[in-house]
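Single-letter residue listing:
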Amino acid sequence: MRVYHFSEQPYPPAWNDHEGSLRVNLPNRKCDPKVAADLYHRYYDEWLLADELGLDIMLNEHHQTATCMSSTVVVGLSVLARQTKRARLLVLGYPIGHRPDPLRVAEELSTIDVISRGRLDMGFIKGVPYEFACSNQNPVGVMDRFWEAHDFILKAMTSHDAPFNWEGKYFHYRQVNIWPRPWQQPHPPVWSTTGSRGNARALGERGYVMAVLGTGYNTRPLYDAYREGWASKRSGMPGPDRFGYLGLLAVASNEEEARRRGELVAGYLRSGGIVHPPFRNPPGYLSVEDNARMLRGETPPRTLTKDGRAIDMRKASVQDLIDASILFCGTPDQVYGQIVDFIDYCGGMGNLLSMGQAGFLSHEDTVDNLTLFGKEVLPRLKEYKQPVVEATAAA
Amino acid sequence: MSVTTEQPPAQISVGGIKVETIERGRGRPLLFLHPGIGIDRAAPVLDHLAERARLIAPTHPGFGASEQPPEFDKVDDLAYFYLDLMDQLDLKDAVVVGVSLGGWIAAEIAVKSTARISHLVLANAVGIKPGSRESRDIADIFAIGEKEFNEIAFADPAIAARDYKAMPPADVLAAARNREATARYAWSPYFHDPKLKGRLHRIRVPTLFLWGAQDRILSEDYGRAFCAAIPGARFEPIERAGHFPHLEQPKLFADRVFAFADGKQP
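Line order of the protein sequences matches chains A and B. Residue numbering for the first sequence follows the working numbering, starting at 80 and increasing by one per position. Residue numbering for the second sequence follows the working numbering, starting at -6 and increasing by one per position.
This is chain A alone, in the form it adopts within the complex:
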């Protein structure tokens, strides 16, 4: 089992001073570069601590937002490729649906893989809906562009003998021959995320690592769709290392303190949806069938608790978030129990993407959170024998 420490590198000083939108159109005069510099350095310090504690590292990027100051994940990966010693460096994700130039992506990621001596995990995502307003890429057809960019990047990473030609629907190059080539062969592991069974199945067919977030006890159907896709292409079933899950983390030596930290970490969920509504659902991002359902006011719940209650994780209490395994929160023993319980429900889940810093959680609290987890929970999780699903109903 691997546990990746994750923070969105938020800028919470702006969170209490907005007019209904923390993303896309929040004026950047609300960002004080001196405050931002201190925040970046403390977040990097926390990742260095994670490296020492035996945790792995996850970074992401977002654009034009006070919820995440990482506007290009390449910067954080570059810093940490040089400064960390042993942790895997997962980008989840690199929003290639927004990127105009996948050649640049292949070059950046190969370089980071080499500098880190083969510690890169590369998660490709299409990108969140609101950021099509920032990148101005057309949200219609984004998955087509995503897959062409993906195909191109992998071809660039695995072609070593002569420049190749690429004249596709979206991208055009005539002499592709990247330097350096990646350290890991044939290329760094590919990850992606999804919230739909159709995409989950497609990821299973390819055998990529699939991560989900915000689904709680609604995760198993996605994992099973992945398993079906996997089994349709090869014999056997995927191991737990093919599955990732983003959970918020708040550990403390006593439950009361853990709950206080849980409230602060939940700020990630409570701030994440604060965005000018028209940016939330650009045309083409969802299928027309899903959009028609939304227009009719029919949206199925996304997050379920263990006892089957639908919750809105953006407004839910800490207790509800714990019940849904959106938040793992408590003493080390309690958190270990919650995570293992969830792994069993999943039928195996080998990559916990653990948000040990979010929102207003201070550096001191984060250090204690990570240290307690790293020393008292992580070794037990590494020892824990994961279940493996032998068959799904449809496989």
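Please note: incorrect hints may appear among the correct ones.
[Stated by the list, open to error] Listed next, with one range per pair, are the computed distances between beta-carbon atoms:
no., chain 1, residue 1, chain 2, residue 2, range
1, A, S150, B, S128, 21 to 31 Å
2, A, P259, B, K188, 34 to 44 Å
3, A, S441, B, D149, 50 to 60 Å
4, A, E98, B, K158, 22 to 32 Å
[Said to hold, decoys possible] Covered stretches of chain B, going by a simulated chain A footprint (3 or more residues, C-beta under 8 Å):
no., stretch
5, 126 to 139
6, 152 to 165
[Claimed, not checked] So the derived list for chain B, only partly shown, Cβ under 7 Å to chain A, looks like this:
no., residue
7, A169
8, R170
9, R172
10, E173
11, A176
12, R177
13, S181
Just so you know, the hints here were simulated from the structure itself, not pulled from any lab data. Yeah, the Cβ is synthetic: ideal placement off N, Cα and C, and Gly gets one too.
Please arrange chain B on chain A, whose structure you already have, making use of the hints.
Relative to chain A, chain B alone:
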């Protein structure tokens, strides 16, 4: 307002692409090109136009229930589609009328060929970029909600309100397809073809701009700049109408079209 007893919409297949179409009336051919919000078969303007012409009003590829060819992603594609359609129907001396996005398509058709066109009518048409790179010539409709869209698009926003929960599912799906198709063709460059303005001099048929004067998606200056780029084109504002004058002043809209096409200016 939809008429449920009506026949299902006719289909026409052009180059293997099946689209919905409305054909009503007799006389000279009039090709009506709808805006991005789609076409309502019960819209009064269609009957007004069909009273004095053979109205042909297809639903563009990708809109409504019309097929979306996977390779179509530019208004240019739609323009060639309609040139093929006019060839297939052997239209002669057609009046081509386009509103908003439909006006853009009509202009793209006319710069390519006016061989089958006698008159061109562009109503609150998008398609060019008259201002500087930092001027927002066309309101960003993807940065506002439907309510605000209706407020800037209509002189009387009340006529635009829709209750999706009460609409037939097929119409809700069509609305979702219209929104997606509009973005497919017009997301970037935003509602214009950078090349179009420099080609408008090629339009040598009589051209009329009808302009809903209360439009706040496009300014009247935008319309006048568009008009000035087409040799001899005429500009007529329509009061008490916004971006969709065919919906807010349907009778007046049809009257203006025919007065122009019949050579009888007011």
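Holds or violated: is there a CB of chain A closer than 7 Å to the CB of B/R172?
-> 5 Å, holds
Hold the hint about B/R170 up to the distance rule: shortest CB distance to chain A must be less than 7 Å.
-> 5 Å, holds
Closest C-beta approach of B/E173 to chain A relative to 7 Å, hint status = 5 Å, holds
Should the interface hint for B/R177 be scored as holding, given a Cβ-Cβ cut-off of 7 Å against chain A?
-> 4 Å, holds
Do the numbers back the hint for B/A169, that is, is its least Cβ distance to chain A under 7 Å?
-> With a closest approach of 4 Å, the B/A169 hint holds.
Establish whether the coverage given for the stretch 152 to 165 of chain B by chain A is satisfied; the threshold is a Cβ-Cβ distance below 8 Å, and no fewer than three residues must meet it.
-> Result for this restraint: holds, n = 4.
Per the CB criterion, is B/A176 less than 7 Å away from chain A?
-> Hint holds; B/A176 Cβ to chain A Cβ min 4 Å, cut 7 Å.
Using the beta carbons of A/P259 and B/K188, state whether their distance is inside 34 to 44 Å or not.
-> 41 Å Cβ-Cβ, so the 34 to 44 Å window holds.
Consistency of beta-carbon spacing, B/S128 to A/S150, with hint 21 to 31 Å | Since A/S150 and B/S128 have Cβ atoms about 27 Å apart, the given range 21 to 31 Å holds.
Do at least three Cβ atoms from the stretch 126 to 139 of chain B come closer than 8 Å to Cβ atoms of chain A?
-> holds (count 4)
Is the distance from the Cβ of A/E98 to the Cβ of B/K158 consistent with 22 to 32 Å?
-> 30 Å, holds
Return the status of the interface hint for B/S181: holds when the least beta-carbon distance to chain A is below 7 Å, violated otherwise.
-> This hint holds: B/S181 lies near chain A, its Cβ roughly 5 Å from the closest one there, short of 7 Å.
Violated hints for the displayed structure: none, as all numbered hints are satisfied.
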